[in-house]
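There are 6 protein chains.
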Amino acid sequence: MKSADEVADNLIEGYLSPPTDTPMQHVGNYELPSREEVSRIVEQCRGLLFPGYVGPSVARLPRAELGIVVRERLDELRNTLRRQVYRALHHKAQSMGNVEDHCGDCAEDAADITARFIGRLPELRDLVAGDLRAAYVGDPAASGIDEVIFCYPGVYAISIYRLAHALSREGAALIPRMMTEQAHERTGIDIHPGARIGQQFFIDHGTGVVIGETCRIGDHVRIYQGVTLGALSVPYGAERPRAGSQRHPTIEDDVVIYAGATILGGDTVIGKGAVIGGNAWVTASVPPGAKIAGAHSRRDTSNGS
Amino acid sequence: MKSADEVADNLIEGYLSPPTDTPMQHVGNYELPSREEVSRIVEQCRGLLFPGYVGPSVARLPRAELGIVVRERLDELRNTLRRQVYRALHHKAQSMGNVEDHCGDCAEDAADITARFIGRLPELRDLVAGDLRAAYVGDPAASGIDEVIFCYPGVYAISIYRLAHALSREGAALIPRMMTEQAHERTGIDIHPGARIGQQFFIDHGTGVVIGETCRIGDHVRIYQGVTLGALSVPYGAERPRAGSQRHPTIEDDVVIYAGATILGGDTVIGKGAVIGGNAWVTASVPPGAKIAGAHSRRDTSNGS
Amino acid sequence: MKSADEVADNLIEGYLSPPTDTPMQHVGNYELPSREEVSRIVEQCRGLLFPGYVGPSVARLPRAELGIVVRERLDELRNTLRRQVYRALHHKAQSMGNVEDHCGDCAEDAADITARFIGRLPELRDLVAGDLRAAYVGDPAASGIDEVIFCYPGVYAISIYRLAHALSREGAALIPRMMTEQAHERTGIDIHPGARIGQQFFIDHGTGVVIGETCRIGDHVRIYQGVTLGALSVPYGAERPRAGSQRHPTIEDDVVIYAGATILGGDTVIGKGAVIGGNAWVTASVPPGAKIAGAHSRRDTSNGS
Amino acid sequence: MKSADEVADNLIEGYLSPPTDTPMQHVGNYELPSREEVSRIVEQCRGLLFPGYVGPSVARLPRAELGIVVRERLDELRNTLRRQVYRALHHKAQSMGNVEDHCGDCAEDAADITARFIGRLPELRDLVAGDLRAAYVGDPAASGIDEVIFCYPGVYAISIYRLAHALSREGAALIPRMMTEQAHERTGIDIHPGARIGQQFFIDHGTGVVIGETCRIGDHVRIYQGVTLGALSVPYGAERPRAGSQRHPTIEDDVVIYAGATILGGDTVIGKGAVIGGNAWVTASVPPGAKIAGAHSRRDTSNGS
Amino acid sequence: MKSADEVADNLIEGYLSPPTDTPMQHVGNYELPSREEVSRIVEQCRGLLFPGYVGPSVARLPRAELGIVVRERLDELRNTLRRQVYRALHHKAQSMGNVEDHCGDCAEDAADITARFIGRLPELRDLVAGDLRAAYVGDPAASGIDEVIFCYPGVYAISIYRLAHALSREGAALIPRMMTEQAHERTGIDIHPGARIGQQFFIDHGTGVVIGETCRIGDHVRIYQGVTLGALSVPYGAERPRAGSQRHPTIEDDVVIYAGATILGGDTVIGKGAVIGGNAWVTASVPPGAKIAGAHSRRDTSNGS
Amino acid sequence: MKSADEVADNLIEGYLSPPTDTPMQHVGNYELPSREEVSRIVEQCRGLLFPGYVGPSVARLPRAELGIVVRERLDELRNTLRRQVYRALHHKAQSMGNVEDHCGDCAEDAADITARFIGRLPELRDLVAGDLRAAYVGDPAASGIDEVIFCYPGVYAISIYRLAHALSREGAALIPRMMTEQAHERTGIDIHPGARIGQQFFIDHGTGVVIGETCRIGDHVRIYQGVTLGALSVPYGAERPRAGSQRHPTIEDDVVIYAGATILGGDTVIGKGAVIGGNAWVTASVPPGAKIAGAHSRRDTSNGS
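Residue numbers (this note's numbering), protein chains in the order written: chain V, 1 to 305; chain U, 1 to 305; chain B, 1 to 305; chain G, 1 to 305; chain Z, 1 to 305; chain P, 1 to 305.
Please keep in mind that the hints were generated in silico from the structure rather than gathered at the bench. Certain hints may be false.
Here are the simulated lysine-lysine pairs, DSSO-like style, with alpha carbons at most 30 Å apart [what the hints assert, rightly or not]:
| # | chain 1 | residue 1 | chain 2 | residue 2 |
| --- | --- | --- | --- | --- |
| 1 | Z | K291 | P | K291 |
| 2 | P | K2 | U | K2 |
| 3 | U | K291 | U | K272 |
| 4 | G | K291 | Z | K291 |
| 5 | B | K291 | U | K291 |
| 6 | P | K272 | P | K291 |
| 7 | V | K2 | B | K92 |
| 8 | V | K291 | V | K272 |
| 9 | Z | K92 | B | K2 |
| 10 | V | K92 | U | K2 |
| 11 | B | K291 | B | K272 |
| 12 | Z | K291 | Z | K272 |
| 13 | U | K92 | B | K272 |
| 14 | G | K291 | P | K92 |
| 15 | G | K291 | G | K272 |
| 16 | V | K291 | U | K291 |
| 17 | V | K2 | G | K92 |
| 18 | Z | K92 | P | K2 |
| 19 | P | K92 | G | K2 |
| 20 | B | K291 | V | K291 |
| 21 | G | K92 | Z | K2 |
Given the sequences, and given the hints that come with them, work out the whole structure.
As structure tokens, this is what we get:
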């Protein structure tokens, strides 16, 4: 049995060994982004999207104090976000061997990305409003918009995806993925920030939903728990896909995909208004308006499992 | 690019604009319920159901101090719960245009609902004891009741459902849904507080389980991960369902439903003692004692995905 | 309606009633393990596996201070772990009626188990490094090892399984299960610490994955979300399975299992290099290299759900 | 040098050795009061005396919610206080060798003491209002009652004394002393809870003030920083003073005592309206209306220190 | 004995009764400043004055990240400070009966005051540097500037006075007093923010020091624990002093005042380079360069106390 | 008015300017000690001296678990202390220009100092037990040792001095001073860790007490609030005193010093058993057994202040 000191020495040796293909530690001379700070970013954004629902109360504030509060929250968001975006950019530049003296660029880039992202918050808020409406209209059990905001994991995951997608398009690295992964943890809904999703998107219940990086989804689409929009498998160890190639399906406007359905492949297009049945397995395109049945069962006397 | 000040002004304008059909903010003159406080309610209830397992230790307390501790916990629960129930009722009354001067009623109603709910805690504890037994008996891998309480997400989700359902029946709004949604987040098991579930209910593993608002489930039922007990789809934008209509299935006593099965529709009845196979898709009633096979696969040479 | 005092008295009576078959409370004369402390153990271990990624920054530390920090973290882990392992052993001994005066043994056993576990940390770290490589190689969307560590729930769940499995083999009770259940909560991936899993294991997305207690999994295996490796059902209330009997399947090296597939039974062996299609349902062995198709759907005009 | 294990063993041996005249540890079978909880009691009381100034905001609450909030705060205070009063009584009973089976009395006594104390809160609030007025009137630099509440350490220390004195008179042990000692820490003003102090008492600045256990102070008294109202010295190791004997001075109505003055002895009476000069040293009675000069200095050429 | 409900009703009645001359509650429609937030302001300022000594580490930051960090801290300070300054101004305006619609001015004024204060931080930092030098030079026991920053309460109290005085001169109400009172709590040194104090001021040990509102203190002054620079007493209940009248002494450059000395009165001037002995009592002016002996004792046989 | 950006640039420029004689920032490549961590050290030590009184409860622990708990606390103390001692030594070495490659020595020295200090904890505990006895015997108002531990600031300050003095003698820099300064903040009692103090030392009330670096105090000494044991003044800007020269008085066994007395000078010896009256001013030696009267006042008609 190793002694505690041997364990310490072994670990330190591992931490300090020359970079390998699997660097599990970061003991270099700068900081990595922080999961906890990314969680704060998410809550700060949500506090600006849903004031009164998320974050400290803003009830009964006079107009003037409301102005103070909103500016405070924007400042806080800017600072938290800028630091994390900086760290991710700096880490990326370092990982790619960029020289130290370009470091100032990362700080400037981070400030620009952050400012542009914050500039888009009002339009992102409008987009999320559409998603809320879609959820309220799409679920007959919803008792009001308040229940939708408080209790619908789909709305949580989609709104974070909206933020992460916008941040990603402005040029941020790693942080958007950390944001959507946090939503995945909380909701079981895994939306890659690279996916492109239209207006009024609704996911009900949502546990187990996976939406891949190069998906394209139109307006007014509804999907249910356990739906996968994935890639066809690639041989183990194949080379990285070319940037720009589409590996995940296209879902056109007004499509409904029921629970447990799986739709795979970059050439697969689900046409406008199609309905995909529960547990369906789809690897080829479906014309507009079609209905694809799910995998039904029959009654028999065999042992059910 | 919008400046920070423009963003602030845009956001505030949005917050203060006259009520629309999608009110995403709450800047009115009262507080909404709080997710964090609802989490505290859940932990306070669980601390009373499972003392020594949940919440501060009660080991080695003399009898007299135990009496003090239990009364403290009941007081804390009453206060936390009453405040949140009040906020939800008040918000509901306000949303429906009820006049200000009826506000005192909300406070009184909240106090009454809370007192009745707390009065039911001993019987709820007995009910949960039955669920624990069902889990221990139902899973051969369970090493003891302690493991069941600490490690079984199904037990967590069911016990919170039991609490939320009772609270809902006493007249609380919104809070019960927030409670079960919290269990959903933690376990991936989504049980609507409106469902009616008999004794000794067991869910194993549980990720992806969905149990809809108007389900009726008998005694001694066992279900596994990924099972949906849902509604048949309704046309997009259909009117709200009538209160009282049953949209989700009825599961009679002693039924077992294996992983991934989907059972839909308010007229669907799974008869006493039936067994539903894994991944089965069921939209019609099944007689008592029947066995429904799941969707089996066959060996072939085609590409598997 | 019961008064608050009646509720308190009813609850206390329940807490103090003689042990039944469902002891929901622990008011005895020692402490149970604590969920919160088990969470700390998990984070402390991860901080040692992934310094710089998890836990307080170690960036820019001089070599001498790094040595101090690592020893500190090992001390903290040893203390937290030893206490929880002790509590679980002591509780188990008490539950089995072991006499009080053997209590010292639990403390000694806990110290030994903890020391041996910590002695294995360097090799566990190597094992986890293999899993990281498998994830990076297995997912073309992964932008780097940093994204894999921060954003891949499969890596999170597998690394905690690695720790829990090792701890379990050293003789710890209950704590390993609490560790993997915590990973289950966060990721939706439920791996029993008793399972035996080879090198370079990869789970993608992962929500809904269940891997049972007696599974044996070879090297280089890849599985996707919603996969169950389970037991065939046993009659309700059957006696506990014999220790040592295998109830869950064997998965040989290089197997790939796509999303939603279910593989059941202790005699089921998936041969080396086989591929199991999405949503497949497998209850019998599959020869090496075989491809098992999933449950595909067909286009029809019936109502999709 | 002792090894860590020797240190541990030495310490444990000390902890477990039979009771001596200096028991520095408490490893018995019940809990002692907690400094942290006593701090909470102080803040809870102050939140009820000064709502809006101390504790969570109560601004803009509708009347009905204010009623809820006040009842919550009273419940919280009752619970925190009852527990600490119980612990102190129980400890005292145990220390005096009272038998175990009287333990229920402590719990009952604690509940009674707590209830009576809470019953006196409204009158205590009136008393404190008088002290506030005295501070505002007594210090020309005070800009308003708000500054007095926020910034006057004398007001802080006196209001805690008022609470502690009342609690002491209802029969609580040790807790009142812990309360005034907390005020001492924060303000440098050390008032024993046993002192009897009339209305509209004012202490300015206050650092270094000491007011002994058997002092009697009339109405409208003002004192400044560094004033001692103490006992004449007793021979080292003299026996405990008889309960009821007065060891500290009597200060009649309307007296003013300037900074640094020292007044000693149980037979010393400072008559109504007297003025005691700065740094004065007084060990004999002073008639009503007298002015006692402080210790003045003269100009000289010697080294000043 | 009052019941809990009676107590609640009594308290609420008191809270809601029409404004009296002693308003101990604030249940109006806006928030008061918060002690906790004022503490944050103090720490935020100190973090900017003494980076690396106070607040999160800035060691080993690259230049670019240091720029980010400093801007973050300035933003945080601006937000925290602006909000508290606003609340104090708004409260003051409301207390003086100013009409609601002027409220916007408070927000604007608070923003202006905050911006001007922050603009002065670099010069305040230079001023504090002088005080540090004075402490290091003035105390032969100081081992270095680091010990002075970490361990000298005089430096703590003076630097907070410097900040509070500047903030007060920019027009902030109440907050400066709350800042210096916090320093008083921690150090026992009570400096009114209105006092005017020159460069390189040093207070050693400091417990019990009081420096009144209208004091004027020159450069290079040193004072020791227990020194009072106060006002001559005013008849009880006298009218508020005229703004602008000087009630506290003037201390010219290079004066030293030893422990326990008391100097009173607005007409009292301690001339340049004078030395005031320990425990001295001074109520008249002292010429430049004079030495005033303290109150010395003589040996005798009387009982010493 | 400077803009925020100008302020930031000014501050950064100041932070990065070459070292001056007043380095107010630490932006170098290592960390300084932390006030917060020093507070933890103090509480960790006190938890080992006074288990059950300070820190988490140890009531009702079985013997075996008590062993675990004590070892845990010693480990925690060792780690926290070693890190802070290291930082202070490293900082000192760097400040004195020691070269980087000696850095390993600091880590080793810190480990040695810490181990030796911990080895002395049992004897320090005995020393503190004597101080407790002295307090209980010395104050007739003390109701028991429990009140002495909970409520006597003198005991708090002396026990921290005992720890800090021992740590200082083992070779730690700066940390001992930070420890006693923390006690100063809380109690108003300022004891330099360099002072040498005999057994059974008692300080009553204590606010304003100052005990200088080179004091020597015998056994069984009692002192009261406001007592200064200081140095005679030195000309402003005099050179640092020689190490080893005694600047503060010697107090022999059994001396009593009443409130407000001031004793100055390294040649001043207060002989065994002497009594120094309140407010006395002593700058020359006093023979054994002498009684020195304080500064008494007389009645007169002059204005008292």
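Inset, instruction - Check each numbered hint against the structure and report the violated ones by number, ascending. - result: Violated hints: 9, 13, 14, 17; rest satisfied.
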